Amino acid sequence: METLGHDASGFRARGSFDAGEQPGGDRLERLIQTALAPVTGTSRGYYLWVAFLLMVIAWGIYAYSRQLQDGLIVTGMRDRISWGLYITTFVFFIGISHAGTLISAILRVSQARWRTPVTRMAEFITAVALICGALFVIIDMGRPDRVLNIILYGRWQSPIVWDVLAITTYLTASIAYLFLPMIPDLALFRDRLAGRAAAWRTWLYGLLAVRWQGTGAQWRSMGAAITTAMILIIPIAVSVHTVVSWIFAMTLREPWNSTIFGAFFVAGAIFSGIATLIIVMAILRKVYHLEEYITEKHFVYLGYLMAAFTLIMMYGNVSEYLTTGYKMTEETEFHFRQLFLEQFAGFYWFYIVGGLVVPGLLVLLPWTRNIWGVVVAAILVDAAMWVERYFIVVAGFRVPLMPYEPSTYAPSWVELSVVAAGFALFALLITLFVKVFPIIAVWEVAEDLEGVEITPAAGRLAPELAGGGGS
Amino acid sequence: MKRQSDYLHDSTAWRGLAGEHKVGRRHVLRLLGLGVLSVVPLPVLPSLLRAALSQGKVQARGPAARTPDGRIRQWAMVIDLRFCDGCQSVGKPPQCTAACIEGHFAPEPMEWVEVFEGELPGGGTQFLPTPCQQCQNPPCVNVCPVAATFSTPEGTVLIDQNRCIGCRICMAACPYDRRFFNWGTAPTPPESHLIGYSPEHQVPTQRGTVMKCDFCPDMARTGTLPYCVQGCPNHAIYYGDLEEDIASNGDQVIVPSRFLSVNQAYHLKEDLGTKPRVYYIAGHGEAVGRDVFKRDRLPTEWPWAERVKGAKTWKR
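Residue numbers (the working numbering), protein chains in the order written: chain Z, 1 to 471; chain P, 1 to 316.
Worth double-checking, as some hints may not be accurate.
Said to hold, decoys possible - Below 27 Å or equal to it, Euclidean Cα-Cα: the simulated DSS-like pairs (lysine-lysine) are:
{"no.": "1", "chain 1": "P", "residue 1": "294", "chain 2": "P", "residue 2": "269"}
{"no.": "2", "chain 1": "Z", "residue 1": "327", "chain 2": "P", "residue 2": "275"}
{"no.": "3", "chain 1": "P", "residue 1": "92", "chain 2": "P", "residue 2": "294"}
{"no.": "4", "chain 1": "P", "residue 1": "312", "chain 2": "P", "residue 2": "92"}
{"no.": "5", "chain 1": "P", "residue 1": "315", "chain 2": "Z", "residue 2": "327"}
{"no.": "6", "chain 1": "P", "residue 1": "92", "chain 2": "P", "residue 2": "315"}
It should be emphasised that the hints constitute simulated quantities derived from the structure, not laboratory data. Being a predicted model, the structure only gives us computed values, none of them experimental.
Isolated chain Z (complex conformation) (with noise of 0.2 Å):
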């Protein structure tokens, strides 16, 4: 605590940073004050939207009460293309949720300092994504009253089981590697937000910041345990997009019968989970005015590592379809018949040129490589990388088995509410997030700010946790 430079028992009493008395106070200060307005201020279009998305949701719930009603039968799936908009959105969403890890876990790992001021907001999206993707497994289910006996009776040989282990300790990792780097910050607003907030806010804050009081050897367990953390969920969030891609991989399916497929759907779920990022990014920047912190540098960056992932992801396509079409079955033919030429070209065809030719030339030239660029670009990915699920799942169905008419796929009514309800859901919780918890994380943009000492020097042992400990 000595080597503070400034009053210690004042830091330690408070258990959160101090402003006036550093020789960048104004900026730290100002700082403090972004963090705190979302939760201090809450606008009238801040409400529009949430009743806006509520009412999305509402729509969505009484079509879903429609399919629990009647069945499945109230969609447009049936034997012969038995998934459809439901397993193409939950995989979209488990896809998204890889914005929190590469962000945060990679990017922290190689201690890359810009990283700072987007962490928060990518392992929001990641939790958040993860919630969203599971309900989609459930709502798909005949019989949802009976997901208990994937417990009761679960079998290790199935992939859905695999799937249910890696997204649920997915969750769990990416809740407690949310929650670690934001105690500092919660700790803040405990303290500044003490008797000038609701009682229920000063009651979750003092309980989340787990008493923090920002000494020596709390600033120590917290960059460990982050360290950990950190290292863990990179293998984690590579495992749950794999065995996503085996619930396809692992069946007899054309289409579907891939050794690329985990590798090919991790590359997609990084890079679409860059693409929601950048989206997410511009609105909070714009709604919460976080142009300070958030610059054009963040999201050129973000635009470089999305164009890097556009190349993977050609590459991903020959390989995947120059291997199996050189020897083109009987069953490929059909498949790159339906894919290429008729009822999916539209669909492949905008996944090409619109999600990676067209994105990655919007980043990569200079023209166009600034915000509204890169946003463009992330909107393309992500409506790109949906397409792209949904080929890969109703395509793959449609190959016909046996000696049949090939059959056709038309999403219901019921469908279409339940997906919008699902990606209004997705947008409410970030919202809620936001009005709850620091939209960007204090204390490591601080550690950026000049002749401001956040970190006690024992904390140092991580030197990552100072976004780099580049000095």
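Given the structure of chain Z, go ahead and fit chain P onto it with the hints provided.
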């Protein structure tokens, strides 16, 4: 800095400081004990839950049929395509399918034994009655998360609709398109509700679960041939026991080991390694005088729709 000095007397801060009291041995031991206690039940938790929530005997089915000297019978089917003309000669929809629907109250649009018309490489077509292939390496059983679909000692694959969660991964896994989902409340006649449920007799149907051909082991045990075998006007389908090496089409008795070899029997999609219990003898109805270029069979009909009020059916 008034606020700060106020804060020094704040109760939360006090609590925080008090929280840093020394951790004694007793404390550590108690924590350890609680930790162990909370982990120990994990492996037995599913069985505890099962005991608490048990719905009686699940996967209920009859005892396996045995040969007189006690060996478990291994049910198998041989479909002689030389005798199958898709019921073109009798001018009716395929009668194996019709008999199966009658016997099992199979709801529309389920054809548990479906007669496909496949193109022959040299032109013309063959009819292909296709029940569940009763694989010995069943992809559907492999992927089921809850063991609702399972292999039996008699070599059949059954579905327990009381356990099925309706995830439909078995339908994705089956390479023969032999699984059917109850998308809605299927139209079945009232008498179907009088028969007790068993995975070997899947009535009444349950919405949101998967169904398929069950290979009629309950009938076989009583010495009765399956409905499809009984229904075939050309006696093209044989059913029997590989263990005792005997099968019948209701007209003749054959020795499968000999019959299959002599007639060069094959499996559907043999290269997948699913090891079906349904064997095929190549042909296109030539033994019953079918012209290989005479296409099409009549569409299957379900008698239930008109007998059940307000029933909603769906297309496959």
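Checked hints:
1. P:294 x P:269: 25 Å, holds
2. Z:327 x P:275: 26 Å, holds
3. P:92 x P:294: Distance of about 15 Å is within 27 Å: holds.
4. P:312 x P:92: 25 Å, holds
5. P:315 x Z:327: Not OK: residue 315 (chain P) and residue 327 (chain Z) at ~34 Å, beyond 27 Å, violated.
6. P:92 x P:315: Answer holds: residue 92 (chain P) to residue 315 (chain P) is near 21 Å, not above 27 Å.
In the structure shown, a violation is registered for the earlier hint numbered 5 alone.
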